[in-house]
Amino acid sequence: MFRLISTLINLYCIIYQCEWSLNPPFFTTNPFDNRIFPRPRILTAESGLGRKGRLSDDGNAEIVYTQIGPVQGFKMKISNSKEVFAYTGVPYGESTAGENRFRPPVAKKPWQGVWDATFPSPMCLQYLPFAAGVDQVRGKEDCLTVDIYTPQLPRNGSEHRLPVFLFIPGGSFWFGDSRTYGPKYLLREDVIFVAINVRMEVFGWLSTGDEHAPGNWALKDQALSIEFVHNNIKRRNYVSGIMCFSGTSLYASLDVHGSVRRISDSAAESVGCPTSGGVGATSSVYDSTSSVHTHFGTSGPFCFHYGATEVQYMKRAVPPIPLIVSRAEDELQMELLPMRPSLPFLPLYFQLMPVAFHLGFRNTFDIVDASVSQASFRKVHQFYFGKSTPPNFLVGPDYSTFIQMMNDAFVNAPMWKSIEYHHKIAPTYAYIQKNNVIGEMPLLAFARGITRRYGAGHGSELGLLFNMSRMTYPLKPGSDFDIASRRLVNLIVNFADHGAPLYRNEEGKLLDVWKPVTDMNNPIALEVGLVKDIKMIVDPVKASGRLRIWEEKEIADVEAQRYFRNFSPLSFTSHVEYLRLNHQLEMGPTFLVQFLCAWFQCEFGPMPPFIYTNPDNRRLLPPNPLSAPFRSGESFSNEPVVHTNLGPIRGFRMKISESREIFSFTGVPYGESTAGANRFRDPVPRRPWKGTWDATYPSPFCVQSSATLGNMIRGQEECLFLDIYTPKIPQNGDKNHPLLPVIMWIPAGSSTFGRSRFYGPKYFLREDVILVPINHRVGLFGYLSTGDEHCSGNWALKDQALSVEWVHNNIKAFGGDPNRIIIGGISSGGSTSHLMLFTNHRARNFIKGIIAMSGTALVNQALDAVGQVREMSDLVADSANCPNSTARDGSWRM
1 MFRLISTLIN LYCIIYQCEW SLNPPFFTTN PFDNRIFPRP RILTAESGLG RKGRLSDDGN
61 AEIVYTQIGP VQGFKMKISN SKEVFAYTGV PYGESTAGEN RFRPPVAKKP WQGVWDATFP
121 SPMCLQYLPF AAGVDQVRGK EDCLTVDIYT PQLPRNGSEH RLPVFLFIPG GSFWFGDSRT
181 YGPKYLLRED VIFVAINVRM EVFGWLSTGD EHAPGNWALK DQALSIEFVH NNIKRRNYVS
241 GIMCFSGTSL YASLDVHGSV RRISDSAAES VGCPTSGGVG ATSSVYDSTS SVHTHFGTSG
301 PFCFHYGATE VQYMKRAVPP IPLIVSRAED ELQMELLPMR PSLPFLPLYF QLMPVAFHLG
361 FRNTFDIVDA SVSQASFRKV HQFYFGKSTP PNFLVGPDYS TFIQMMNDAF VNAPMWKSIE
421 YHHKIAPTYA YIQKNNVIGE MPLLAFARGI TRRYGAGHGS ELGLLFNMSR MTYPLKPGSD
481 FDIASRRLVN LIVNFADHGA PLYRNEEGKL LDVWKPVTDM NNPIALEVGL VKDIKMIVDP
541 VKASGRLRIW EEKEIADVEA QRYFRNFSPL SFTSHVEYLR LNHQLEMGPT FLVQFLCAWF
601 QCEFGPMPPF IYTNPDNRRL LPPNPLSAPF RSGESFSNEP VVHTNLGPIR GFRMKISESR
661 EIFSFTGVPY GESTAGANRF RDPVPRRPWK GTWDATYPSP FCVQSSATLG NMIRGQEECL
721 FLDIYTPKIP QNGDKNHPLL PVIMWIPAGS STFGRSRFYG PKYFLREDVI LVPINHRVGL
781 FGYLSTGDEH CSGNWALKDQ ALSVEWVHNN IKAFGGDPNR IIIGGISSGG STSHLMLFTN
841 HRARNFIKGI IAMSGTALVN QALDAVGQVR EMSDLVADSA NCPNSTARDG SWRM
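The opening position of the sequence shown corresponds to residue 1 in the UniProt record's numbering, with each subsequent residue numbered one higher.
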């Protein structure tokens with residue numbers, strides 16, 4: 001009953017267009033609604049009908065004739081000695097979606113051809129209380145159907161009639177469907193059994209108490225179903241006589257006291273929603289099916305997210321999914337090393353550094369007055385340096401302390417705060433990366449003496465997990481780095497396989513060496529260094545107590561300032577683009593401005609804006625040991641082909657070592673193009689294709705500025721692709737093929753760049769695991785938001801959610817286990833992976849583990865605390881001479 005009340009409250013607010021900071025539900029097609037036989041739903045005269053009344057292919061399915069058209073059923077064996085006739089999914093009403101939502105049911109109109117009643121009945125949209133996952137929503141709105149089971153069909157001229165038992169499913173008014181009620185026991189007797197489907201939850205009971213939404217839609221569905229049965233059960237080949245109907249649970253009760261209206265009104269008042277009249281309640285949702293979300297919870301229409309991360313943890317609204325969180329030993333040492341020569345000349349240290357921390361752990365600079373922000377930073381500075389004067393960056397100790405302060409602000413404090421929250425609801429594992437693989441990069445050979453002074457820097461794990469030939473040094477087999485790589489991969493693969501990061505030793509035994517954090521006073525973490533063992537240590541940073549400074553109220557004022565504000569995830573993007581556009585720190589006249597001008601048809605300077613076509617997205621190059629491992633121009637006769645729900649996909653074989661070959665499928669689409677009308681909109685699932693998809697191309701990456709080529713803009717907008725690497729593919733008919741765990745990887749790149757092709761499978765695929773790196777929108781394409789329905793934002797997160805859903809629905813064809821999917825990433829990829837815990841998208845239900853390396857949902861670069869996304873979007877538009885009013889009339893997508 002509580003769920004019903006909660007649902008009524010939330011949907012009432014949504015349809016009254018109330019102000020709400022979270023996301024509305026949207027509707028999903030019932031995943032179980034597959035046809036029993038592979039035939040069209042409406043059969044024509046040429047579809048295989050033989051002699052009148054029977055199918056010529058199996059001779060078991062009867063045709064009956066109703067007032068609105070013929071219906072084909074099938075024979076069902078209910079015991080060794082008894083067979084009955086079944087007609088499932090017979091429609092008695094039109095779809096209740098769109099203009100028919102929250103309206104009386106409309107009787108089904110006659111159809112042409114023969115209705116194929118061999119489908120299972122679609123259930124009406126509802127929660128599945130006993131299904132795995134969190135807030136699982138199933139069903140569809142086109143659901144007014146009945147299932148009819150009869151023990152016999154009369155011969156011509158027969159007058160023998162049977163009683164009819166019409167059954168209404170129970171489920172506290174918010175779940176239930178006809179398919180739950182089988183005929184096995186009832187049809188031991190001579191009776192016709194009819195199980196019906198009616199609207200549930202708010203769709204069946206929402207009422208404003210006036211003519212706009214009088215309610216009782218479920219009761220009206222029941223009445224229409226009875227009328228349908230009465231009018232058709234006696235038709236030729238059907239039999240009838242006495243009719244009775246029944247139900248279970250709360251379907252014996254009615255709302256006779258007006259409680260539904262009172263519940264709705266009190267809920268509306270509590271959140272500032274209008275309660276007078278109902279015309280606004282229903283008219284706004286008739287045309288918005290695709291914009292309503294699967295979660296009937298506390299969600300508002302636009303932001304795809306429950307709310308502030310800390311608040312959701314405190315409310316225990318986070319699913320108990322195991323989490324791995326990591327940091328590098330010296331996160332920002334090498335990141336800031338190129339800046340060191342200029343730091344001594346940094347003017348106005350106490351004025352500018354609060355701006356830097358505004359981009360860091362807390363949004364203090366924008367939330368509070370500038371003078372208060374500077375006072376807070378002075379307190380932090382005094383804590384770390386022990387003095388009130390600016391640091392001398394020419395002196396080694398001051399520079400090291402400065403780096404330590406930055407590391408704590410950007411990575412260490414958010415990491416341990418995330419662990420503090422998450423370890424209370426699910427196993428949480430900490431890891432410290434000490435292998436400075438980045439320091440061994442060939443490009444840094446000239447500075448090897450300097451780079452080896454420091455510990456592992458930001459992103460060092462990537463060199464142990466992926467073969468990134470353009471970025472990191474290849475691991476020499478048998479080297480210390482190679483051994484560390486094998487250990488780390490072993491632990492992560494077992495995390496995907498078993499739900500815990502177990503270690504499989506050389507004897508094949510699984511060892512529980514990586515212990516979860518259970519006591520914040522004992523901040524243990526795993527160390528996989530260059531030593532010959534794996535061990536747990538106490539994190540010296542956390543144990544030192546210095547992270548407490550970030551919890552003091554005037555420093556962490558987010559506790560009072562950020563909660564319950566309009567929340568929308570934002571990675572570094574808008575901040576960085578703002579600096580680039582307004583201060584020309586990096587790019588000068590940026591191409592991003594030109595792009596926006598092109599979309600908005602703005603007047604721009606002498607240089608016409610255009611978008612570069614991705615120069616790398618060509619047919620695969622001939623084999624080249626120095627290039628990506630793609631192939632072209634060869635016969636496909638021996639290439640692997642898998643069959644997904646969308647169509648067949650052809651891949652290629654890839655050799656990752658002298659003794660191991662895997663199957664690769666690169667450039668597999670999971671969404672439609674995000675260009676044109678789909679720009680700045682929710683991603684659209686990829687539609688089925690005809691023929692075989694050629695997955696031997698490199699994945700196109702999304703439009704982005706090059707991380708290494710200065711101002712160059714690369715990529716394309718049709719970029720929702722992923723790569724799949726698997727060690728084996730199920731053979732036809734091999735039902736005993738063991739399914740493998742799946743690791744999905746989110747690219748890093750400060751949310752402004754990154755692509756799947758960076759993450760090669762060489763090291764992960766030493767193990768029996770499937771690796772799936774993805775592409776999603778980045779930069780302005782991924783995060784631009786006006787904070788309203790015209791440009792709601794979080795496109796990158798929505799892309800990630802869609803990719804998870806695609807993998808869940810299709811990975812079995814590649815040998816993967818849809819019930820063992822983990823996602824992970826480093827830096828911004830780690831932050832957005834962690835953020836998936838707090839979305840209200842159904843994809844969250846498919847995730848069994850999360851890896852957040854050097855970035856979590858609490859890193860401030862991942863959050864918009866006070867609506868800055870809109871401010872930054874307006875600044876970008878102003879920089880391109882585009883009027884801000886375009887956001888309000890929907891012109892952002894031009």
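There could be a bad hint or two in this list.
[To be verified] Computed beta-carbon distance windows for the label pairs:
hint, residue 1, residue 2, range
1, D480, Q731, 34 to 42 Å
2, K476, G499, 52 to 60 Å
3, V641, L153, 57 to 65 Å
4, R378, V311, 48 to 56 Å
[Stated by the list, open to error] Okay, derived cross-link-like pairs now, EDC-like style, lysine to aspartate or glutamate, Cα gap no bigger than 16 Å in a straight line:
hint, residue 1, residue 2
5, K184, E83
6, K77, E62
7, K424, E310
8, K109, E94
9, K848, E805
10, K77, E227
11, K655, E767
12, K77, E94
13, K82, E227
14, K220, E94
15, K379, E552
16, K140, E189
17, K728, D768
18, K655, E672
19, K535, D512
20, K82, E189
21, K434, D482
22, K379, E551
23, K728, E805
24, K434, E527
25, K476, E658
26, K109, E227
27, K75, E62
28, K109, E83
29, K140, E94
30, K728, E661
31, K434, E329
32, K315, E189
33, K424, D519
34, K509, E189
35, K728, E767
36, K434, D480
37, K655, D682
Quick caveat, the hints were computed from the structure, so don't treat them as lab data.
These numbers come from a predicted model, not from an experiment.
Glycine included, C-beta positions come from ideal geometry on N, C-alpha and C.
Hints versus structure:
A hinted range of 34 to 42 Å holds for the C-beta pair D480 and Q731, which are about 39 Å apart. Taking the beta carbon of each, K476 and G499 are about 33 Å apart, not inside 52 to 60 Å as hinted. About 44 Å separates the C-beta atoms of V641 and L153, a value inconsistent with the hinted range of 57 to 65 Å. Judged by the Cβ atoms, the range 48 to 56 Å given for R378 and V311 is violated: they are separated by roughly 29 Å.
For the proposed pair K184 and E83, the alpha carbon gap of about 10 Å is at most 16 Å, so the pair holds. Simply put, K77 and E62 have alpha-carbon atoms about 15 Å apart, close enough for the 16 Å limit, and the pair holds. Proximity of K424 to E310 is assessed by CA-CA distance (about 13 Å); at most 16 Å being required, the pair is judged to hold. Between K109 and E94, the direct Cα distance comes to roughly 7 Å. Compliance with the 16 Å bound is thereby established for this hinted pair.
Between K848 and E805 the alpha-carbon distance is near 13 Å, which keeps this suggested pair within the 16 Å criterion. As the CA atoms of K77 and E227 are separated by approximately 29 Å, the hinted pair breaks the 16 Å bound. As the CA atoms of K655 and E767 are separated by approximately 14 Å, the hinted pair is consistent with the 16 Å bound. At roughly 31 Å between alpha-carbon atoms, K77 and E94 are farther apart than 16 Å, so this suggested pair is violated.
Of the supplied pair hints, the one linking K82 and E227 is violated, its CA atoms being roughly 30 Å apart against a limit of 16 Å. Taking the CA atoms of K220 and E94, the gap is about 13 Å. The hint holds against a cut of 16 Å. Using a Cα cut-off of 16 Å, the hinted pair K379 and E552 holds, with the two alpha carbons roughly 10 Å apart. This hinted pair does not check out: K140 and E189 have alpha carbons roughly 33 Å apart, beyond 16 Å.
This hinted pair checks out: K728 and D768 have alpha carbons roughly 8 Å apart, not beyond 16 Å. Of the supplied pair hints, the one linking K655 and E672 is violated, its CA atoms being roughly 31 Å apart against a limit of 16 Å. Restraint check for K535 and D512: the C-alpha separation of about 11 Å stays at or below 16 Å, so the hint holds. The hinted pair formed by K82 and E189 meets the criterion: a straight-line CA distance of about 11 Å does not exceed 16 Å.
Pair hint K434 plus D482 holds up; C-alpha atoms about 14 Å apart against a cutoff of 16 Å. Under the criterion of a C-alpha separation no larger than 16 Å, the hint pairing K379 with E551 is consistent with the structure, at around 13 Å. With a C-alpha separation of about 22 Å, the suggested pairing of K728 with E805 is violated against the 16 Å cut-off. This hinted pair checks out: K434 and E527 have alpha carbons roughly 7 Å apart, not beyond 16 Å.
Taking the CA atoms of K476 and E658, the gap is about 14 Å. The hint holds against a cut of 16 Å. For the hint linking K109 to E227, the alpha-carbon distance of about 14 Å falls within 16 Å, and the restraint holds. For the suggested pair K75 and E62, the alpha carbons sit about 8 Å apart, so the restraint of at most 16 Å is met. For the hint linking K109 to E83, the alpha-carbon distance of about 31 Å lies beyond 16 Å, and the restraint is violated.
Taken as a hint, the K140 and E94 pair is honoured in the structure, with Cα atoms around 13 Å apart against an allowance of 16 Å. Our distance criterion of 16 Å between C-alpha atoms is met by K728 and E661, whose separation comes to about 9 Å. Distance check on the hinted pair: K434 and E329 sit about 5 Å apart at the alpha-carbon level, within 16 Å; holds. Distance hint between K315 and E189 is unfulfilled; the C-alpha atoms sit about 53 Å from each other, more than 16 Å.
The suggested pairing of K424 with D519 holds, with an alpha-carbon distance near 10 Å, which does not exceed 16 Å. Among the hinted pairs, K509 with E189 is inconsistent with the structure: their alpha-carbon atoms are about 57 Å apart, more than 16 Å. Only pairs whose Cα atoms come within 16 Å are accepted, and K728 paired with E767 is accepted, the gap being roughly 11 Å. Restraint check: the Cα-Cα separation between K434 and D480 comes to about 12 Å, which is no more than 16 Å; the hinted pair holds.
At most 16 Å may separate the alpha-carbon atoms for a hinted pair to count; K655 and D682 exceed this at roughly 37 Å.
Consistency note: the structure conflicts with the earlier hints numbered 2, 3, 4, 10, 12, 13, 16, 18, 23, 28, 32, 34, 37.
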